[in-house]
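*Asks:* So you can see what is in the structure, the chains are spelled out below.
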Amino acid sequence: MAKKKESKQKKMNVRVDFTPMVDMMMLLITFFMLCTSLSKPQTMQLTMPSNDKNLNEENQNEAKASQTVTLYVTDKDDIVYYGEGLPEYNNPEWLKETSWGVDGIRKALRFHKVEDGTMPLNEIMKERDELEKEKKSLTEEQFEKKLSDIRSGELKSGKVPTLTIVIKPTDNAKYTRVIDALDEMLLCTIGTYVIDKINPEEQAMLEKKGVKFDAAANADNAENAEK
Amino acid sequence: MGKVKIKKNDVWIDMTPMSDVMVLLLTFFMLTSTFVKNEPVKVKAPESVSQIQIPEKDVLNIFVDKNAKVFMSIDNTKQLGETLEQMVSTGGYSSLSPLEVAKFKECAMFGVPMSQMKKFLAMSTEEQAKLMQATGIPTDSIDGGMSEFQQWVDAARTVNTDVKIALKADADSPYKTIKRVMNELQDMDESHYYLITSYTTDEGKHKDK
Chain B
177 MAKKKESKQK KMNVRVDFTP MVDMMMLLIT FFMLCTSLSK PQTMQLTMPS
227 NDKNLNEENQ NEAKASQTVT LYVTDKDDIV YYGEGLPEYN NPEWLKETSW
277 GVDGIRKALR FHKVEDGTMP LNEIMKERDE LEKEKKSLTE EQFEKKLSDI
327 RSGELKSGKV PTLTIVIKPT DNAKYTRVID ALDEMLLCTI GTYVIDKINP
377 EEQAMLEKKG VKFDAAANAD NAENAEK
Chain W
44 MGKVKIKKND VWIDMTPMSD VMVLLLTFFM LTSTFVKNEP VKVKAPESVS
94 QIQIPEKDVL NIFVDKNAKV FMSIDNTKQL GETLEQMVST GGYSSLSPLE
144 VAKFKECAMF GVPMSQMKKF LAMSTEEQAK LMQATGIPTD SIDGGMSEFQ
194 QWVDAARTVN TDVKIALKAD ADSPYKTIKR VMNELQDMDE SHYYLITSYT
244 TDEGKHKDK
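Sequences listed follow chains B and W, in order. 177 is the number of the first residue of the first sequence in the numbering used here; add one for each residue after it. 44 is the number of the first residue of the second sequence in the numbering used here; add one for each residue after it.
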C-alpha cells in the first residue's frame, strides 16, 4: 500500500509551475510597452517655390487675379487677414479679417467668388464630401486619384477654375498658425498654394491694422539679404 | 480522508493559457516596437490634420527648438558616420579619429559647430545635451559660401542621394526662425520636404478656442 501512494504523488508532480515564467513575461511586456513609440509622427508635404526669380514670375502670371486669395498670418493669434484678388495697398477695405476654423477663414475661402460670380471651391468641396462618403467602396489608389482630380477642378459637371492661395506669414507669426493655414488648404481641397514673403507695401498696410513688426528682426533680414 | 486530499490538489491553477497570451503579446511588442529615442532637445510639433506618414528610412531630421537652435539626426547609424566623414573631408575641418566617429554614431542627435566637435564627442551624454542646447548648428554663411548647416545637408545628400528632409520645429516659435532654415534649404535647391506634425482632428484643433 505504501508503494502505491508514492507512485500517485509522483504523477501529480509532473505539472510544471508556470508562475515564475508568467512573472517574467509580465515584466518584459511592461518594459516593452513603456519603451515603445507605436505612433509615428505625421508629416505634411511641402514644396517651396524655387529661388529662381524668372520661374517665380511665370508662375504668378499663371493664376488669374480673381482666383487668387492672399492670407496674412500674423502675430495676432486668433485672427487671420485675407485679401481677395490683386492687392490694393491703398484700399483699407481690401484687407479683411476673420477667425480661424470652420466659420472663419474656411467659409471665406469656400464662398470666394470668381469673375463670373460662381463659387468654384464650394462645388469642389461638395464633390469632395460626396467622395468621402463613397470612400469605403474604393481602394486607396482610386480614392487618391479621384481626390486629385477634384483638387484640380475636374468635376463630374465639368471643369471649374481652382483657387490659388498665397500664404504670407509675418516674422512674428507663430509656427502653429502657419501650419493651421496649410491645414486649411488640405481641408478645403486646394491644390495650388504657396508660402511667400511679405513686401513693404503689405507691411505698411498690416501695420495700420495694428500688426506688430519686429524692428530688430527686419534689420536682421536686411543684413542677411546683404550678405 | 481521501476526498480532502483531492481537493487540495485542485487548488493549483493552470497558467498555460495565460503564458500563451503573454508570449503572444510579448512577440507583438517586440516586433512592432521602435524604441523611443532619448532626444536631448525636446521639440513640440504643431498639430495638423494631415495624415501622411513619415517615410520609413532615409530621413534627415532637422529640429528647430524654441530658442531657434538647429539640430539634426539621421536614423541610419552607418549613414550618420559616413555623413560626418563626408562633412570633414569636403568642409576641410580637422580630421577625427575612428574612435570619435564611432562615438558620433551613438549620438541620437547632433548640433554643435564643427570647431567644437572634438570637445563634444569627448563629453558624456548629459554634457552633450547641454552643449547642444547652447550652440546648435550655425546657419551663418562662411565667407559668403555655404553655412555649416548647408554643408551638413549637402554631406547627407552626397552620402545618400535618396535622402528626404523632415523639418520638426517648435509649435510656439515665431515663423522667422523656421523661415531662416527654409531659406537655407531653398538656397541649395532643396525645395521639397516634410514638416513633422502631430495628428489631431479638425474639431480637436479648434476646441480650445
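None of these hints come from the bench; they were simulated from the model. Even for Gly, the Cβ is constructed at its ideal location relative to N, Cα and C. Just so you know, not all the hints are guaranteed correct.
[Said to hold, decoys possible] Here are the in silico distance ranges between beta carbons for each label pair:
#: 1; chain 1: B; residue 1: L262; chain 2: W; residue 2: F71; range: 45 to 51 Å
#: 2; chain 1: B; residue 1: E317; chain 2: W; residue 2: I185; range: 43 to 49 Å
#: 3; chain 1: W; residue 1: G134; chain 2: B; residue 2: D279; range: 35 to 41 Å
#: 4; chain 1: W; residue 1: S76; chain 2: B; residue 2: K388; range: 44 to 50 Å
#: 5; chain 1: W; residue 1: K162; chain 2: B; residue 2: K385; range: 45 to 51 Å
#: 6; chain 1: W; residue 1: T120; chain 2: B; residue 2: M202; range: 31 to 37 Å
#: 7; chain 1: B; residue 1: V370; chain 2: W; residue 2: T120; range: 48 to 54 Å
#: 8; chain 1: B; residue 1: T223; chain 2: W; residue 2: D245; range: 21 to 27 Å
#: 9; chain 1: W; residue 1: L67; chain 2: B; residue 2: M295; range: 52 to 58 Å
#: 10; chain 1: W; residue 1: Q176; chain 2: B; residue 2: V370; range: 30 to 36 Å
#: 11; chain 1: B; residue 1: E273; chain 2: W; residue 2: E99; range: 39 to 45 Å
[As the list claims (entries may be wrong)] Counterexamples of contact, computed for chain B against chain W with all Cβ distances above 12 Å:
#: 12; residue: D251
#: 13; residue: K289
#: 14; residue: E291
#: 15; residue: M295
#: 16; residue: N298
#: 17; residue: V342
*Asks:* Do the Cβ positions of L262 (chain B) and F71 (chain W) conform to the proposed distance bound of 45 to 51 Å?
*Replies:* The hint (45 to 51 Å, Cβ to Cβ) is violated, given that L262 (chain B) and F71 (chain W) are roughly 58 Å apart.
*Asks:* CB of Q176 (chain W) to CB of V370 (chain B), is that within 30 to 36 Å?
*Replies:* Holds, at about 34 Å.
*Asks:* Is the Cβ of D251 (chain B) more than 12 Å away from each Cβ in chain W?
*Replies:* At roughly 8 Å from the nearest Cβ of chain W, D251 (chain B) sits no farther out than 12 Å, so the non-interface label is violated.
*Asks:* Range hint 35 to 41 Å: satisfied by the CB atoms of G134 (chain W) and D279 (chain B)?
*Replies:* With a Cβ separation near 52 Å, G134 (chain W) and D279 (chain B) fall outside 35 to 41 Å, so the hint is violated.
*Asks:* Does E291 (chain B) really sit off the interface, with its C-beta more than 12 Å from all C-beta atoms of chain W?
*Replies:* Holds, since 30 Å exceeds 12 Å.
*Asks:* Please check whether the beta-carbon of N298 (chain B) is more than 12 Å away from every beta-carbon in chain W.
*Replies:* Correct as stated: the minimum Cβ-Cβ distance to chain W is 18 Å, above 12 Å.
*Asks:* Does the claim that V342 (chain B) lies off the interface hold, with its Cβ farther than 12 Å from every Cβ of chain W?
*Replies:* holds (15 Å)
*Asks:* Could you check the hint for me, namely that V370 (chain B) and T120 (chain W) are 48 to 54 Å apart, CB to CB?
*Replies:* The hinted range 48 to 54 Å is violated for V370 (chain B) and T120 (chain W), with Cβ atoms some 37 Å apart.
*Asks:* Should the hint that E273 (chain B) and E99 (chain W) are 39 to 45 Å apart at their CB atoms be regarded as holding?
*Replies:* holds (42 Å)
*Asks:* Can we confirm that no CB of chain W comes within 12 Å of the CB of M295 (chain B)?
*Replies:* holds (21 Å)
*Asks:* Could you say whether the range 45 to 51 Å given as a hint is met by the Cβ separation of K162 (chain W) and K385 (chain B)?
*Replies:* Holds: the Cβ-Cβ distance is about 49 Å, inside 45 to 51 Å.
*Asks:* For L67 (chain W) and M295 (chain B), compare the CB-CB distance with the range 52 to 58 Å and indicate the outcome.
*Replies:* holds (55 Å)
Of the hints listed earlier, those the structure fails to meet are numbers 1, 3, 7, 12, in rising order.
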